[in-house]
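**Student:** Sequence:
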Amino acid sequence: VVVFGEASTGKTCFTDVFLTGKPFVRYDPTQHSSTRTITLSNSTHNLSLTDLSSTPIIKNDIVFPTSLFRNLPHNADGIVLLYDITDGATFDKLTTVVYQWLWTGRSPAPGSISTQSRPSAPKPTAPRRFGCVLVGTKADVVSQDPSKRQVSRGMAEQWAQSQGFRHFEVDTRDRTQVEGAVEGLVRSIGVMRRRDAMDLEKG
1 VVVFGEASTG KTCFTDVFLT GKPFVRYDPT QHSSTRTITL SNSTHNLSLT DLSSTPIIKN
61 DIVFPTSLFR NLPHNADGIV LLYDITDGAT FDKLTTVVYQ WLWTGRSPAP GSISTQSRPS
121 APKPTAPRRF GCVLVGTKAD VVSQDPSKRQ VSRGMAEQWA QSQGFRHFEV DTRDRTQVEG
181 AVEGLVRSIG VMRRRDAMDL EKG
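Residues 1 to 203, numbered by my numbering, are exactly what the sequence shown covers, in order.
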């Protein structure tokens, strides 16, 4: 799972609160991922979380993105898209430039690559799907001062629904809210895996 968003949107806080219940206590620039096991609908899920900044994509920084930076989002089973509800630009860039980039370079769904040695294989299809949730952070700030809101809940929910996943607004220091968003992501991952499996069966 990759937690993706611009600087200061709350990526590290979101990740650490989910993993430990406390913000920033595990943050270490040399440690890129950590895991936590959860049970949802009588199924156990071992989740490895990595937080990454989307800023290099937005700035089109072709020097910074390493193979690790590219491979993690493009191969992830699930993506948490984070934006700041008090900063409209973070939502605009996330739902256009960043979201498009995430689909570019995704590996093909299983069984969808044709080769010369397998002329009867199916033709290339859509990239392998990934589970996703859209998460607006700093809900606590807006709760205290509604005038600071720049992204309406309705607009964010409409965009998320148009892409086939859910939208959440959270205080990234509230573990219950953060867990709710991650549980939504796990369900989304399951849906996307089933869709890929159905496509494979259809050939």
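It is possible that some hints are incorrect.
[Said to hold, decoys possible] Keeping only pairs whose Cα atoms sit at most 35 Å apart, straight-line, the calculated DSBU-like set for lysine-lysine is:
id, residue 1, residue 2
1, LYS22, LYS202
2, LYS202, LYS59
3, LYS93, LYS148
4, LYS148, LYS202
5, LYS59, LYS93
6, LYS93, LYS22
[Stated by the list, open to error] So the derived label-pair ranges between C-beta atoms look like this:
id, residue 1, residue 2, range
7, ASP140, GLY164, 50 to 56 Å
8, ARG194, THR96, 26 to 32 Å
9, ASN46, VAL141, 16 to 22 Å
10, ALA7, THR104, 19 to 25 Å
11, ASN46, GLU157, 17 to 23 Å
12, ASN42, THR96, 17 to 23 Å
13, SER48, VAL141, 27 to 33 Å
14, SER147, SER41, 35 to 41 Å
15, PRO146, THR176, 20 to 26 Å
16, THR176, GLN100, 28 to 34 Å
Hints in this document: simulated from the structure, not taken from any laboratory.
These figures come from a predicted structure and were not determined experimentally.
Ideal Cβ positions, reconstructed from N, Cα and C, are used throughout, including at glycine.
**Student:** Each of the hints needs a verdict: does it hold here or not?
**Tutor:** Evaluated hints:
1. With a CA separation close to 46 Å, the supplied pair LYS22 and LYS202 exceeds the 35 Å bound.
2. Distance check on the hinted pair: LYS202 and LYS59 sit about 40 Å apart at the alpha-carbon level, beyond 35 Å; violated.
3. For the hint pairing LYS93 with LYS148, the CA-to-CA distance comes to about 19 Å; that is within 35 Å, so the pair holds.
4. The suggested pairing of LYS148 with LYS202 is violated, with an alpha-carbon distance near 49 Å, which exceeds 35 Å.
5. For the hint linking LYS59 to LYS93, the alpha-carbon distance of about 10 Å falls within 35 Å, and the restraint holds.
6. Between LYS93 and LYS22 the CA atoms are separated by roughly 29 Å; this keeps the pair inside 35 Å, and the hint holds.
7. In this structure, ASP140 and GLY164 break the distance hint of 50 to 56 Å, their C-beta atoms being roughly 28 Å apart.
8. Between ARG194 and THR96 the beta carbons are some 28 Å apart, a value that agrees with the proposed interval 26 to 32 Å.
9. The hinted window of 16 to 22 Å between ASN46 and VAL141 is violated, with their beta carbons roughly 33 Å apart.
10. The supplied range of 19 to 25 Å is met by ALA7 and THR104, whose beta-carbon atoms lie about 22 Å from each other.
11. Checking the proposed 17 to 23 Å range against ASN46 and GLU157 shows it is violated: the Cβ atoms sit about 30 Å from each other.
12. Between ASN42 and THR96 the beta carbons are some 38 Å apart, a value that contradicts the proposed interval 17 to 23 Å.
13. Judged by the Cβ atoms, the range 27 to 33 Å given for SER48 and VAL141 holds: they are separated by roughly 29 Å.
14. At roughly 40 Å, the beta carbons of SER147 and SER41 sit within the given window of 35 to 41 Å.
15. A beta carbon spacing of about 22 Å between PRO146 and THR176 agrees with the range 20 to 26 Å that was offered as a hint.
16. Restraint check, THR176 to GLN100: a C-beta distance of roughly 32 Å satisfies the suggested window 28 to 34 Å.
Violated hints, listed in ascending order, are 1, 2, 4, 7, 9, 11, 12; each of the other numbered hints is respected by the structure.
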